[in-house]
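Chains as they are written, first to last, in full-length UniProt numbering: chain A, 1 to 118; chain B, 1 to 133.
Some hints here could point you the wrong way.
Stated by the list, open to error - Distance condition first, Cα-Cα at most 25 Å in a straight line; then the derived PhoX-like pairs of lysine-lysine:
1) A:Lys35 / A:Lys111
2) B:Lys10 / A:Lys60
3) B:Lys58 / B:Lys27
4) B:Lys28 / A:Lys60
5) A:Lys60 / B:Lys108
6) A:Lys75 / A:Lys60
7) A:Lys75 / A:Lys111
8) B:Lys58 / B:Lys108
9) B:Lys108 / B:Lys28
Said to hold, decoys possible - Stretches of chain B that chain A covers, calculated by requiring three or more beta carbons in the stretch to come under 8 Å of a beta carbon on chain A:
10) 9-17
11) 25-39
12) 60-74
13) 98-106
Don't read these hints as lab results, they were simulated from the structure. Even glycine gets a Cβ: it sits at the ideal position worked out from N, Cα and C.
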Amino acid sequence: MRIPILKLHNYLLISIQIDLDDQTAIQFQEDLLSKIHESGSTGVVIDLTSVDIIDSFIAKVLGDVVSMSDLMGAKVVLTGIQPAVAMTLIDLGIHLQDVPTALDLEQGLIKLRQELEE
Amino acid sequence: MDFQSCVNIKKEWDIVGARQLGRDIAKKIGFGTVDQARIATAISELARNIYLYAGTGKVCFEAIEDINERGLRIVAMDEGPGIRDVSQVMEDGFSTSGGLGAGLPGVKRLMDDFDVISRQGEGTEVRVVKWLR
Ligand SMILES: Nc1ncnc2c1ncn2[C@@H]1O[C@H](COP(=O)(O)OP(=O)(O)OP(=O)(O)O)[C@@H](O)[C@H]1O
Ligand SMILES: [Mg+2]
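All chains, full assembly: derive it from the sequences and hints.
Right, here's the structure in full:
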């Protein structure tokens, strides 16, 4: 299964709507990096509103995607993390401290614009 | 509603299957969304460990319905290589696979009761319980 990546001006938008298995998560990581490369996008929003579980593997993939995109020159913002998911991540001991987040897609886009203007 | 059901872990997709079934059972028992997420996450960690380190195994669920206690017991068992030093793998950040090493210590925090029985060369059994409050 592949997660669709939409392009909007200089940004890439992704809304994860499925229960992520490991293979799909890894595939998404690859797809996003090549999409950043070919489109020259400077900002990415990954919306997690419909994701109701993030375990240590998915957390690692998401954290890695943020650092890898950063290396390529694109800022990533994660949006819409559910309260239950946030609590579970803290129990797991995963703080995603260096990862920019925002409440929802709209706030995510605002955050990106601010970061890219700085 | 007293049942015991198991999911065999053989391929990667079974990790998703196990956590989805576990979440459904947790919901039926009456757990709220936060505990459902905790339970599903714990199952995901245990099932992935089986898949990664033992190859195959199973995850079983049992609804606990005593007069004064209700909860969900999850048992993850395999006949893999076993864990040499259980206290070491319970340290945050210890991993033999380049993972975050958050799995087992994380499961312990996500659940209420936690036990690991492991013998080298014989396998591993992790038993956890979440109580309904
Ligand atoms: N079922 C098992 N059989 C054999 N060894 C295991 C088993 N489960 C865990 N281990 C060992 O314990 C270590 C720690 O496991 P833990 O789940 O805490 O972290 P991890 O799997 O390495 O990383 P993460 O879960 O954060 O991705 C593993 O690296 C592995 O060596
Ligand atoms: Mg693990």
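Cross-check of the supplied hints:
1. Between A:Lys35 and A:Lys111, the direct Cα distance comes to roughly 21 Å. Compliance with the 25 Å bound is thereby established for this hinted pair.
2. The suggested pairing of B:Lys10 with A:Lys60 holds, with an alpha-carbon distance near 23 Å, which does not exceed 25 Å.
3. At most 25 Å may separate the alpha-carbon atoms for a hinted pair to count; B:Lys58 and B:Lys27 meet this at roughly 21 Å.
4. This hinted pair does not check out: B:Lys28 and A:Lys60 have alpha carbons roughly 31 Å apart, beyond 25 Å.
5. For the hint linking A:Lys60 to B:Lys108, the alpha-carbon distance of about 19 Å falls within 25 Å, and the restraint holds.
6. Our distance criterion of 25 Å between C-alpha atoms is met by A:Lys75 and A:Lys60, whose separation comes to about 17 Å.
7. With a C-alpha separation of about 10 Å, the suggested pairing of A:Lys75 with A:Lys111 holds against the 25 Å cut-off.
8. Note on B:Lys58 and B:Lys108: the hinted pairing holds, with a Cα-Cα distance of about 19 Å set against a maximum of 25 Å.
9. Distance check on the hinted pair: B:Lys108 and B:Lys28 sit about 23 Å apart at the alpha-carbon level, within 25 Å; holds.
10. Against chain A, the region 9-17 of chain B contributes 4 residues with a C-beta closer than 8 Å to a partner C-beta. That satisfies the three-residue criterion, and the hint holds.
11. Counting residues of the region 25-39 of chain B whose CB lies closer than 8 Å to any CB of chain A gives 5, so the stated coverage by that chain holds, three being the minimum.
12. Proximity of the region 60-74 of chain B to chain A, defined as three or more residues with a beta carbon under 8 Å from a beta carbon of that chain, is not established by the 0 residues found.
13. Here the region 98-106 of chain B counts 6 residues with a CB under 8 Å from a CB of chain A, which clears the bar of 3, and the coverage holds.
Of the numbered hints stated above, those contradicted by the structure are hints 4, 12, listed in ascending order.
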